Amino acid sequence: MSPQSGSVLDLRGVTRTYGTGSAALTVLHGIDLTVQEGEYVGVVGPSGSGKSTLLNIIGALDRPTSGQVLIGGEDLTSYSDARLSRLRGAHLGFVFQQFFLLERRTALENVGDGLLYQGVRRPERRRRAADALRRVGLGARLDHTPAELSGGECQRVAVARALVHRPRLLLADEPTGNLDSASGRAVLELFDALHAEGATIVVVTHDESIAARMPRVIAMRDGRVESDLVRGVAA
Amino acid sequence: MSGPGPVDRLRLGALGLTGRKGRAALSALGVAIGITAMVAVLGLSESSRADLNAQLDALGTNLLVVAPGQDMMGDDATLPDESVAMIARVPTVESAAATYATDATVRKSDRVPSAQTSGIVVAAAGAGLDAAVSAQLREGRWLDAATSGYPAVVLGSTAARRLAIGSLDRGVRVWLDGQWFAVVGVLDPVVLAPELDETALIGFEVAQKLYGDDLPPTTVYTRVDTDQVSATRALLARTANPSSPTEVSVSRPSDALAAQAAADQSLTTLTLGLGAVALLVGAVGIANVMVISVLERRREIGVRRALGATRAGIGSQFLTESVLLSLLGGLLGGALGVAVTTAYAVHQDWGVVLPWLPVLGGLGCSLLVGTVVGLYPALRAASVPPTEALRSM
Chain X
1 MSPQSGSVLD LRGVTRTYGT GSAALTVLHG IDLTVQEGEY VGVVGPSGSG
51 KSTLLNIIGA LDRPTSGQVL IGGEDLTSYS DARLSRLRGA HLGFVFQQFF
101 LLERRTALEN VGDGLLYQGV RRPERRRRAA DALRRVGLGA RLDHTPAELS
151 GGECQRVAVA RALVHRPRLL LADEPTGNLD SASGRAVLEL FDALHAEGAT
201 IVVVTHDESI AARMPRVIAM RDGRVESDLV RGVAA
Chain D
1001 MSGPGPVDRL RLGALGLTGR KGRAALSALG VAIGITAMVA VLGLSESSRA
1051 DLNAQLDALG TNLLVVAPGQ DMMGDDATLP DESVAMIARV PTVESAAATY
1101 ATDATVRKSD RVPSAQTSGI VVAAAGAGLD AAVSAQLREG RWLDAATSGY
1151 PAVVLGSTAA RRLAIGSLDR GVRVWLDGQW FAVVGVLDPV VLAPELDETA
1201 LIGFEVAQKL YGDDLPPTTV YTRVDTDQVS ATRALLARTA NPSSPTEVSV
1251 SRPSDALAAQ AAADQSLTTL TLGLGAVALL VGAVGIANVM VISVLERRRE
1301 IGVRRALGAT RAGIGSQFLT ESVLLSLLGG LLGGALGVAV TTAYAVHQDW
1351 GVVLPWLPVL GGLGCSLLVG TVVGLYPALR AASVPPTEAL RSM
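Sequences listed follow chains X and D, in order. Numbering follows my numbering, with no gaps: position 164 of the first sequence is 164. Counting the second sequence from 1 gives a position; my numbering is that position plus 1000.
In case anyone wonders, no lab produced these hints; they're calculated from the structure. In this text, all values refer to a predicted model and were calculated from it rather than measured experimentally. One thing to keep in mind: the hints can contain errors.
What follows is a set of in silico ranges between Cβ atoms, one per label pair, in the way DEER data are often shown [unchecked claim]: (1) X:Glu-197 x D:Ala-1014: 44 to 54 angstroms; (2) X:Ala-82 x D:Leu-1010: 17 to 27 angstroms; (3) X:Arg-134 x D:Asn-1288: 17 to 27 angstroms; (4) X:Gly-177 x D:Leu-1367: 18 to 28 angstroms; (5) X:Pro-215 x D:Leu-1367: 50 to 60 angstroms; (6) X:Thr-20 x D:Leu-1360: 52 to 62 angstroms; (7) D:Arg-1391 x X:Ala-82: 20 to 30 angstroms.
Beta carbons: idealized from backbone N, C-alpha and C, even for Gly.
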């Protein structure tokens, strides 16, 4: 598989090593990976396989020790910290296992925070946040705080927050890990629907059954890509 | 793309406070106490100074007091009998009135032992004395042409208290040098001549009858041309006692009052220092609370970094929070300080001078404190890595 310039995400020989000298621990060994626009990718692997570290690097939250990360064809290697932050704010959306919503703020305000760091003014933030909440089926819950919402609803608020700025890449870390099976299924169905609308999504999970519903599954083991399968066909 | 606008930055900063109201209030309290102390003490000293100035304006600063000093042997000197008339002839002198002290004692009644003088001086009051010292009567009336020849007495405020003189309605008498004197008036405290507070003043004619014509003046209260106070002051000693001017002391009571007010400044400085210590303690409290807040909110910081916040953005959020916290204390302290100043000034019957400058200074102080102590927590918050967002709990 060769990296393409039109791809949303390109990893080229990405290595991540923690510590130095004899204590050095290499968690990722030369990962090459390309995600095209509109792809829906599951990254699976047991804990310690390096998938969280991979997600940190894909999400521009961390830098590789060596190798290149390209998002939308732009090499991030020389990006300053501030520029990386702005890139996250503008082009990436994150969904976390524990939602990470602000407790005392309404769904509308939490989702609006997804636009805050791009300098979008409040009235515009509220309008777009309301749109995003309607899109995830929470149009009737705009003024509820996380405490007044179920876990599944909270995760949908978090998805709305990750979508509100129309990112090029939606990243999810164990998005159903804290939910009962019905709520988890609802969130995954939401991802399916977003994918059908053309969103590019990468979901990291240790749960093979969740990954099984995705058109493309990347299996990690010991810091390497063990397999990269596009439904039924080797990529 | 730019980051959040100024209003959004303020909102972000306020977020940490509204989320933890009790903690925010307690940590702002330290600063509030410090600012209250500083505003109140500055406001009070300003009010008291304004009150003194108003008092001096009303009483006049043109009173010069001429009194005998000491002779070359260190003994008490006396003023020549004619000194009052001599002083009154100086062109820049507007009026001159004297008291003439006697050796007499005054007692509540003849049954009180004669040794018990209560420290009250009996003196004859020259014409125009009340006007010269701006004396106000609390009760009754001043000695006039009708009473100055009869056994009548006007008591200074302290003298009246020591003699336990209450209302004069039913006719009060005191035992003065072996005969009864009617108390016709009681003075308010005399600000420019506090020595009169402990004096029982009798008419000049009575005094001459009892003690003879050559009673020497004890103190000459001299009102002079307001523009010529210094020049006149230089003349008065020589005028009062041409033969030995060094035995005359000339003082200006309004100066003494101003000096006394200046001496009160040391208390102001002390309280100001205590206020500063309270402010410092409050500042440390805020720093402490902010550091804890950063530790507790690493996850929130990580999520915000993931949502696009830069290091500077996170730093400014926590710096804003610290400044708002401190400013909250400053506002509270300023309000309390104004309240204390107003309440005390009203209680003291002073004109209320709102201490705008100390309030502004206090707000400035709290702004500075919030910025300085917020810097370290803000730096710590800014150094929380974005990967904190994805760390498993």
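In ascending order, which of the hints set out earlier in this document are inconsistent with the structure?
-> Numbers 1, 3, 4 - these are the hints that the structure violates, sorted from lowest upward.
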